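Using the sequences plus the hints, can you model the full thing?
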Amino acid sequence: MNYNELSIPEATRLQQELRKEVITTPFKGKVQYVAGADISFNKFSTTVYAGIVLLHFPSLQPVGYSLVKKEVTFPYVPGFLAFREVPALLDAWQQLPQKPDVLVVDGHGIAHPRRMGIASHFGVLANQVTIGSAKKKLFGLYEEPGPAKGNHSPLTDKQGEVIGTVYRSKQNVKPIFISPGHLIDVAGSLDLVSQCVQRYRLPEPTRLAHNAVNQFRLGTLPQGYTPA
DNA sequence: GCGACAG
DNA sequence: ATCTTGTCGC
Numbered sequence: 000m001n002y003n004e005l006s007i008p009e010a011t012r013l014q015q016e017l018r019k020e021v022i023t024t025p026f027k028g029k030v031q032y033v034a035g036a037d038i039s040f041n042k043f044s045t046t047v048y049a050g051i052v053l054l055h056f057p058s059l060q061p062v063g064y065s066l067v068k069k070e071v072t073f074p075y076v077p078g079f080l081a082f083r084e085v086p087a088l089l090d091a092w093q094q095l096p097q098k099p100d101v102l103v104v105d106g107h108g109i110a111h112p113r114r115m116g117i118a119s120h121f122g123v124l125a126n127q128v129t130i131g132s133a134k135k136k137l138f139g140l141y142e143e144p145g146p147a148k149g150n151h152s153p154l155t156d157k158q159g160e161v162i163g164t165v166y167r168s169k170q171n172v173k174p175i176f177i178s179p180g181h182l183i184d185v186a187g188s189l190d191l192v193s194q195c196v197q198r199y200r201l202p203e204p205t206r207l208a209h210n211a212v213n214q215f216r217l218g219t220l221p222q223g224y225t226p227a
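For the first sequence, position 155 matches number 154 in numbering that gives the first Met the number 0, and the numbering has no gaps at all.
It is worth saying that the hints were derived from the structure and are not from the lab. Please read these numbers as outputs of a predicted model, since none were measured by experiment. C-beta atoms are modelled at their ideal positions from N, C-alpha and C, and glycine is treated no differently. Check each hint, because a few of them may be wrong.
[Unchecked claim] Restraint-style ranges between C-beta atoms, simulated for each label pair:
#, residue 1, residue 2, range
1, ALA227, GLN158, 43 to 49 angstroms
2, ILE22, GLN94, 22 to 28 angstroms
3, GLN158, GLY218, 44 to 50 angstroms
4, GLU9, TYR199, 36 to 42 angstroms
5, GLU4, LYS29, 39 to 45 angstroms
6, LYS27, PRO144, 24 to 30 angstroms
7, GLY218, GLN60, 23 to 29 angstroms
8, SER44, ARG200, 26 to 32 angstroms
9, LEU89, ALA147, 34 to 40 angstroms
Structure, rendered in structure tokens:
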């Protein structure tokens, strides 16, 4: 199905169907590889540059980059980010020679009005363990976490159900929002992402993915899969 | 009607 | 998201 032709009401219907498929149970298993996914584009352009960076875990050393270019006309509408970015990310995913145990997506998972943020949407379509890591809140209520690195507080919906974690990844920086995408729970998502934070506010997977797609857009990295 | 609003 | 210089604080 072509997302570019969908109306917002139709996209909402699809999210309501897909949310039935989301699973948030504890992730059991060893993590040997993690990956980060992100998109870059020039303002006012319909060309998007998608990328997935594969990293060894827990060393967090990059193993390779999958980069693809795609045309997208679906607009950015808060709550519907997946319809703009998932198609290109699936192309990059298909091109990845080796899949990670867990994929960290730049955006939210179930911390979404219909529990279907981009990380959950991608996870269901690719049948892959995913976690959403966002820089700003989209949905939910929370108390500001303490100022020290590692301080965190629950992100809940209006019924008090926990849908994610607001996490202070570094001292004196704005917190990040971590939520399960698919096949993992809130606690497991926080545990994995916190182990992916090194020197910067953002976890290495999405930070490196962001750098890669930017370099790709600017012509510094070639399209395709490139071993690190 | 008003405020909120991932990338 | 992207553009973009200087500036404040650890």
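Violated hints - listed by number, lowest first: Going through the list in order, the structure violates no hint and respects every one.
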